[in-house]
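Let the hints inform the model, and build the full structure from the sequences given.
Line order of the protein sequences matches chains A and B. Sequence positions in the first sequence follow numbering that gives the first Met the number 0 and run 0 to 222. Sequence positions in the second sequence follow numbering that gives the first Met the number 0 and run 0 to 329.
Simulated from the structure, these hints should not be mistaken for laboratory data. The structure displayed is predicted, hence computed values, not measured ones. Ideal Cβ placement from N, Cα and C applies to all residues, glycine included. Treat each hint with caution, since some may be false.
[Claimed, not checked] Rough simulated footprint, nothing fancy, chain A against chain B, three-plus residues with beta-carbon under 8 Å:
#1 180-190
#2 260-267
[Unchecked claim] Taking CB as the label site, the calculated pair distances span:
#3 A:Y149 with B:A72: 31 to 39 Å
#4 A:L157 with B:E174: 40 to 48 Å
#5 A:L157 with B:I175: 33 to 41 Å
#6 B:D285 with A:G191: 37 to 45 Å
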Amino acid sequence: MTLRASLIAALVLLAASTARAQTDPPLHRLQLGAGVGFFSGATLGDADANLRTNSTDPYRLFATSTEQAGTIGLHLHAAIDLTRRFGLEAHTLFARPDVRTSVTDDVENAPSVDAVERLDQYLIDGGVVIRLHEFRMGGWVPFATAGAGYLRQLHEGLTLSEHGHLFYFGGGVRRVLMQRPKGLLRGLGARGDVRLDILSGGITVEDKRRNQFSASASIFVVF
Amino acid sequence: MTRALTLLVVIASLSAQPAQAYLHLTSSTGLTQTPLKWNQTRVRWFATDRGVPGVTASQFQAAVAAGFATWEAVPTASVMFQFVGFTSALPFDDDTISTFGFDAQPDLDRVLGATSFVVDTLTGDIVESDVFFNSIFTWSTAAAGDATRFDLQSVATHEIGHFIGLGHSAIGETEIRPDGGRRVLASGAVMFPISLGRGVTSDRTLQPDDIAGVSDLYPDGDFDDTTGAISGRVVRNGTGVIGAHVVAFNPKTGTLIGGFSLGQGGTFQIAGLTPGAHVIRVEPLDDADIDSFFSPSGIDVDFQVTLLPRLIVAPEGGASDRFDVSVRPK
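Quick look at the structure:
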């Protein structure tokens, strides 16, 4: 059964439930969710193709500037509420962004180009969640989150991988749409996340930390 | 002398081919081309026992030894040398010993130095190789160079590149001078065929293209497993372009490594690359005389400099999928 089919089945089951929607899912229950998100681009760095001269000044053959483009990606997460305020969660993000190197200022006037490759990018991370019931709006409960994780990027053709790590912090809102007291599936909810990822390593030019924003929306089920 | 000075490799009866990247000298037997290389654990060499004004025989030997040490120090290559002693023999004597020394060649008034070979044409093994430095020029072994003289160690490092089997690199830019010679604007390899000029000592230090070349010819340890290659074809209107200079630039490392489309149908391969994405630039071979690289037959220089609108990934321990670079006529 596909993930999509599973979610539809959960909706049908929960629609038949007479349980009233609650603000929070039950404690110590596994929540699994899936959604889509937008991942912003990032500047990866500049580099000149330099030759040596008979002085200390290099001779630039051409200039390059590399960036990772923004893209839409898939977002999976698993979470568990330890208390009404605190929880733990893990995420996997998958996206296929382009890496684009602008090649300009060729010394022999070659037309400038954008040299492009498409990556397969995975982020696997985990962190803590703090729910802010004080700021609840309707059924939506805000939360703040922070954590760390692992970055894996596969170059086009999947012949070479590069690795890095990340720290993130962000927040969002969560709402339980339906709940029932018994059965395998105990609830259904929705959430929206906004995150700032601080990435190190992976595919980069200048080996500097870089920031990427992401915004995602997802649906989760409670077991 | 105001003209650009060419570093000439003597390749009589020899030719050159891109076994991987750069140029490796080869010997030809029928249709077979065999890369030239030493098949000895430690290559023995002699120095002539005569100096020139400003450079004694012992200073000459020390400068050449420093050049050998530079090539020996490449961590991804395995080639070693041994200085045997001084000799009264001259370079280019057919005497089974490899001799480095000064010699006056007034007729070669643009040649700073040259390398000759005696080769086993069946195996490609180098049997003897001599290097001469043209004493019609003034030379220096000063640590910081001498603005009025050519740096002996820099030129020796270049000639030793030939001595071990490397041809010329085309990573460099030149301009034509009014007298018909060429002036070097810049170079990206010790094996570029034209000197940067008097007083310049930068060619004492190998560049990535040089390191890739020697490592490909004499690979050490896991060189082949830890580097990558790219392969492709240069075409114009669907037809292969022969002799195009292809350069791979890695933005992360800032390295430039070159090769030539000398394969059938304009194919090329560049090995010894740091794994990762590369910018590809293709240009006609117009920054030095074509015959300083290889036999000029069939070499095409009638196309525009072209940058490929794709990043090409050199995988670790392997080669990229073959790709085409389409160029347009000038």
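Structure-based check of all given hints:
no., hint, verdict
1, 180-190, "holds (count 5)"
2, 260-267, "violated (count 0)"
3, A:Y149 with B:A72: 31 to 39 Å, "holds (37 Å)"
4, A:L157 with B:E174: 40 to 48 Å, "holds (44 Å)"
5, A:L157 with B:I175: 33 to 41 Å, "violated (47 Å)"
6, B:D285 with A:G191: 37 to 45 Å, "violated (59 Å)"
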